[in-house]
Structures are given as C-alpha cells and as structure tokens.
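Engineer: Letter by letter, the chains look like this.
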Amino acid sequence: MDEKALIARRVALELKDGDLANLGIGLPTLVARHLPAGVRVFFQSENGIIGMQPLPEEGFAWSDLTDAGGSPIGAVPGAAAFDSALSFGLIRGGHLDVTVLGGLQVDEEGHLANWMVPGKMVPGMGGAMDLVTGAKRVIVAMTHTAKGEPKIVKRCTLPLTAVRRVSLVVTDMAVIEPTDDGLVLREVAPGITPERVLEATEASLIVPAEVPTMRLATAPS
Amino acid sequence: MDEKALIARRVALELKDGDLANLGIGLPTLVARHLPAGVRVFFQSENGIIGMQPLPEEGFAWSDLTDAGGSPIGAVPGAAAFDSALSFGLIRGGHLDVTVLGGLQVDEEGHLANWMVPGKMVPGMGGAMDLVTGAKRVIVAMTHTAKGEPKIVKRCTLPLTAVRRVSLVVTDMAVIEPTDDGLVLREVAPGITPERVLEATEASLIVPAEVPTMRLATAPS
Amino acid sequence: MKKVIGLAAAVEMIPDGAALMIGGFMGAGTPPRLIDELVRQGRRNLTVIANDTARPGVGIGKLVTAKLVRRVITSHIGTNPETQRQMIAGDIEVELVPQGTLAERIRAAGFGLGGVLTPTGVGTTVAEGKQTVAVNGTVFLLELPLTADFALINAKRADYYGNLEYSLTARNFNPAMAMAAATVIAEAEDIVPVGVISPDAVGTPHVLVDHLIGKERGHG
Amino acid sequence: MKKVIGLAAAVEMIPDGAALMIGGFMGAGTPPRLIDELVRQGRRNLTVIANDTARPGVGIGKLVTAKLVRRVITSHIGTNPETQRQMIAGDIEVELVPQGTLAERIRAAGFGLGGVLTPTGVGTTVAEGKQTVAVNGTVFLLELPLTADFALINAKRADYYGNLEYSLTARNFNPAMAMAAATVIAEAEDIVPVGVISPDAVGTPHVLVDHLIGKERGHG
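Protein chains in written order, with the numbering used here: chain A, 1 to 221; chain B, 1 to 221; chain C, 1 to 220; chain D, 1 to 220.
Only chain A is shown next, with the shape it has when bound in the complex (with noise of 0.2 Å):
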C-alpha cells in the first residue's frame, strides 16, 4: 500500500460525525477522501469558507471560491463564507475541532516543527502556528523518516511552529501519541514491528506490552 494513503486512511478515523476539521495541504488534505460511510465532517478552508469540498464537476469552477493553495474547489449546501478574521477567530478561539498538519519533526515533548528550515526553506507559517495553537486537537500526519534520517527526534533542531504538545502523530510505521509521560507508542503498522519503529526513531518511545495493528478507514471506491 501507498505509505500516504495508509497514513490519510489511518487518520480518517480519527475525525467524527459533525466535526470542523482543518486539512494542511499536502498528504493531510488525502484524509478527505477516506471518511468512514455515515461520519459528515465539515471542512474550513482558511482563506474563508466551512464547507469545502473537491470541485465536483470539471467547469464548475469559479474564480472566487478557492482553496488555500489558490485552487477552485466547491461547496457543499450549508456552507458558510467569511473574512480572515473570522477564519483564524474559529481556529484560535477553540472552534475547530481538529487539525490534520505535515511535519518535519516531532520530539519527545510532542513539539511539532513543521515550517521552516534555517538556510534553506523559509516558505513562511502561514495558518500553521495559529492551527497548532488553537484546534481542540492536533494530528501530525507524516512519513515516520525522511531520506532514512528519524523524524521523531529527541528534540526538535528545527524552529517549533508552537509549544503546544500535539494530540497524535500518524506516520506509515506507527500511531505516537504524546502524554505526560512521553511519548506513546499506540499502533503499528501492517507488517511493522515495535522493534521497527523503535530503530526508525531518535526519540525514546513508551512501547506497552501489547502494541495493536493499525487500524484502517476503507479505501474509496
């Protein structure tokens, strides 16, 4: 399987009927199409919209309904438009139920570097900071290493996005969850064994005696 399509198909059960999610772009945006059958989640663009969806015809478009790359997507009946401030007042005012982000470290304090490396890619934060700050949960969706280097490290050596300890932390070896006590190892994936993960990882893991197979949303259709 697609180590990304296993890891949108684990996280898409983390989200529940009638929650307001938020999708970083990239691989978290994939955790769309995997909702289990009969769990409607309402997806906020941060650039001003509840309700978002793929656009769902080709030449449907249109010029003022984007997503926050830039692209056309739709709408699905009931959703709600409104301005920046708005939008970042439901982030951070508590309001949105969860956040799905790419990372490039985790460490063991649950700390979540995701936006910038020193001397070579300053993109910017953009709505980053904000969401880890303020969703009721934060979900970290990202490859378990990059180029065989760890990516759940001690420390983070990259400058944080915030502070705030995140909820979870799905890769395509494990599901992390950081505690008071550190961090957790919850599940494994198909085929990956605890002691897999725990060479793949810089940062010490809590391993409990019994360690589950991940489990999976579906595929679409």
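The hints are simulated quantities; they were obtained by calculation from the structure and are not laboratory data. Computed from a predicted model, the values in this text were never measured in an experiment. From the three backbone atoms N, C-alpha and C, an ideal C-beta is built for every residue, glycine too. Treat the hints with care, as some may be off.
[To be verified] Using C-beta positions, here's what the derived DEER-type ranges look like:
hint : chain 1 : residue 1 : chain 2 : residue 2 : range
1    : D       : M13       : B       : T213      : 39 to 45 Å
2    : A       : A61       : B       : P72       : 40 to 46 Å
3    : C       : V135      : B       : K147      : 42 to 48 Å
4    : A       : P36       : C       : P193      : 21 to 27 Å
With chain A held as given, fit chains B, C and D onto it using these hints.
Structural biologist: This is chains B, C and D only, laid out in the frame that chain A set:
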C-alpha cells in the same frame, strides 16, 4: 426661539457633506432636522447601521430596524448594517467624522462629563465613552446652565466620560472652543452679550476682541 | 448532529446561577421565546451579559422584572427603572462596561485572544483596578475576555445545520456572543432547509451553534 | 462625495515607497486592474502587507516579478519562488507573520485598538523581541496594530457611494484592510446604483472607501 432648536441649528452647520455622524439621544437628535440644503450626512446608529433616517411613514416600522433607543427607524438607500464590534470599530478606529453628544459638565481642559451623577443617576455609559474617545470631532450640545447653575466649569466634579478634549461646545448662549490656551468664546447667541455668557460660566473664558453672533442654519419648513 | 430541540428542553439545560450572554439591543435581536421560557421556568440567580436591560416588559427587561437576575454586565441600564431600583436595593449587581469595550471583550473570548488594548475608559472610573499598557507613548487599558456558560442568540433565519442569518440592527451582539459562550442556544424566526441560506449571508456558521429551538405547534 | 475615478489617476496617487495593504489570498480577492496599473506605471520600493505573494504572474506575484516591492509583511511566500529568490538576493525584505496574527494586527489598527494579546507564536521565533503579557497565568504575545498608506481592495460589487459586497473566499483580508489604511482604493467587478445592495450584504460600508475605480470603455 426654543433653546434646543437654536442649539441644533447651530450644530447643524458643523456637519459637512459626506460626513459620517453619530448623534446622541435627546437634544443632539434634533440636529438632523436642520442640515443645510445640499449637505448629505450619513448617520450611524451604534446598534449597527449607517444610513438611519426617521421612519418615513406611519406603518413602515419593522422590529429589526431600530435606533439605539429601540424605536423603529428608516434606512436611506445605500445604508449598511453590521454587528456591534464593527459599529464600535468605526467609532474607535477614527472613521466617525463627528459625534454630537449632550453634556452635564465641560471643564477648562475641554473634558466632558455626561454619563453619571454619583448617588443619583447611573444609567451607564452606553457608547458615550467610545464616542468621545474615538470620533474625529466631538461636539457637545447642551444648555448653558442647569437650574441656574453653570455647566461649563473650572473642573468637572462629575465623573469624566473621557480625558480627550472635546472639539466644540454649543449652548443656547454661546459657541465655545476648547484650545491649548483654554476655552475660547467663539460666538454668542442672538441677543446675548459676552458679559452675560461670562456671568453664566464658572470656567475662565478667553474672549477675543470681536465675538460674532452665532450663525444658524435655517429652520426646517 | 441533530440540533433542533424543544424550547422547554433547551431552557432546562440552563441551571440556576448560570452566566448567560443574551443578544439584542433594547430588545431588538433578543430571543423572545427563550426569554419567556426562562421566566416561565423561573430560573434564578442568573448573571446576564448583554448590551442593556431594555425596558420593563421588553426582552431582558422581563428577566429583571421577574427577579431572575443577580448580576448584569452591561453598557446601559438607564432605560429600565426596575434594574436601577433593584441595583439600589442591592438585589442586583451591575458592572458597567463601555459598549465598544463590551463588544471587544466578548469577541476576544470567542477569538482566543488574551485581551485587547483599548483607549476607551483611560483616565475614567472604568480604568480603576485595570492594568494599563503603553504602546508607542499612548496609554491603553488592558481589557480582558468575557465568556459565559450559555449564549442565547436570536437570528432571522437558521438552517437545520444551525447556520444563522441576521437582519439589520437585530444583529448587534449576537455574532460575537455565538463565538464566546461554552454552549450556544439559538432561536430563529424560521428554520429553512440546508442550502437555502447563501454562504455569504451566513452571519454565524453552524459549527458554533449547539442547539436550535424548533418551531412548536400552535406557534403559527 | 464623488468617489469614482479613473484607474490611472488612482494609481498616480500612490508614491514610490508607499506602504500598501493588498487584499487577496493566492490571488483570489486581489484587485486585478490596480495590480496591472501599478506594474504599468512602475511604482517602486513598495511595502506590501498581504497574506501571501501568490505565484509569479498571479496577483501580488506580478508586483514581485516586476521588482516593485522592497518589503513584504506576509504569512507565506512559499508559493512564489521569485519572492524567495529576491529575498535570498537581499532585494526584498520579508517579515513573516502568522496568518491569524496578521489578520488581528490589521484589524486592531482599523478598530482603534492599541494591540491584541495572542497565544500564537509564544515560545517560537515569532516571539523574539516582543512584549509578553500574562493573563490569569497564561502567557500571550502583545501584537501591535499594522497600518498602511493605502489599501487596495477588491470586491464583487460596489454601489456608487462605495459600499462593497464580497463573495465567498475572495473576501479574506479585504474587509479588515479597508478599515486599516489611511486611504482606501477599491475595485469592483460591477458598480451598481445606490440602494441595489441590501444593507445586510454590505461587507465594507461606503464611508471607509475613498476612491472607487470606474469601469473604462473597452473593458467590456
């Protein structure tokens, strides 16, 4: 001439074409009736509209279109409605050209007291503190004395509405401008001498060599 | 996801002593049925956060007359002699807040801000006991967020998701309060099918509304 | 009171070195004709306050490509490699601001606030050099208002007074910027007679708009 009408007619001359104005309850409300021909002023009601006007016809009332006192009003073509936060953003952000407010006392520093009499009347400040703090021009429209007592005093004994110096004071006896040097007597009402103004005023007044008679807008037909 | 509930059931969720934000300005934009039901059920010792207490017999004035209110945080009580009488008698505690500051304090809570710096009230009795902050030589009051257990919201129209559309001056404090309270109960003149309200006409997105009062038989 | 002026005349008011707030999010809601005319007239050393610099050839990206911009205060430049190239070359100075903080700082200026206390950025590089304020044990950054010489605003419709109506995600930063700049120049797809836009549909009241770009012959 009725003293309130006189004050309103004088204040009306202070409003300029295109101004956004907010009139306080009572005497200030009368100003709208005395605008010179060709001067189009937009009136804000702080409960959330620009473009209020008196109810145009009996039977045209609607419960969702009211003034700050809760009474039905009309709206001119081109009116705009908004919530309380934006309404006071207009006031505090310096977007309101002029406010006309009643007064209990004005002192030599040009400070206004108009919202409470300790131990007696505590209606609440409503929007008065915001208006006096934020409007570009603050015009006080009030009778010169109350029960024979001067209302223009050396120092306000009543709680201040703001520490911002008001722009102009218009009474039934005089037009007085607070300046860096103190209160300057700019005009006297028809039939009133500077001497009589001084007698009815506790504060020191600077009296120029020539004090013209109050200009007045024409009364409505 | 089902938000529409009965009027009585909605008000039964509100305990004695609750802090309520109530939309409206002199009664315009105050939810009429929720107010009447609070009176009918006789909820007591309420804290009310609202622009004003209207007049006796009007909007929040009904709660005051029924002696359900222990504390009011408001910008104005001058139009309701009953509020003033109860204040003087010591039955009701009144905290007066400048109207613009009241709007910003409520907004700050809903928008996750720790506070706002405002010039209004500097040098007046409103500044007593408050922290001031100087920014580029100008002194501002630090005004803190204001939240509540419940917001009672009035809208012109709702859809069944709970999107709210407001009308003219009946809007006033409703949108900010719908962001700021722990639980939001909304009452609309009409509830329309989802999709009928244009996304641009939504004043309060449905995700902020916890409960919506349904129409009841006999109410026309 | 006459607000409608020609495109060229409007842009001629903007001097080299001006600070501009420009509405839009990745080009959506950015005034297209004002941008093109700025490029045509070759205004230089501009400071641009905007959510992003879009892409080369799109919205604010056109200003960057034409090398008109000396400084950007923005939340994101990652979609425009030309902005990044000029930043690395030292031709353009970039101040990165979290998007929600950017919105609140602009709003604070327009609403007469001295600043806002925000949790975003605490403990990160964004907090460097900024005052922090503790409120009830929680630490917030004090973020200061952001103003500009001009705001360039894009709306769906205007009326001849200058009331502006926005559409869906093209709204974004436009309403806040229209409050925050010294001079507001607005461009709309249509200018309709006064009274045609419902008071409830007005996103920016006309009193905030100084100049409105008229339709020109040949523009269809």
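Engineer: Confirm or reject each hint.
Structural biologist: Here is how each hint holds up against the structure:
1. D:M13 x B:T213: 39 to 45 Å: About 42 Å separates the Cβ atoms of M13 of chain D and T213 of chain B, which means 39 to 45 Å holds.
2. A:A61 x B:P72: 40 to 46 Å: Given a distance of about 45 Å, which is inside 40 to 46 Å, the answer is holds.
3. C:V135 x B:K147: 42 to 48 Å: Given range 42 to 48 Å: holds, Cβ gap about 43 Å.
4. A:P36 x C:P193: 21 to 27 Å: Check passed, 26 Å falls within 21 to 27 Å.
Of the hints listed earlier, there is not a single one the structure fails to meet.
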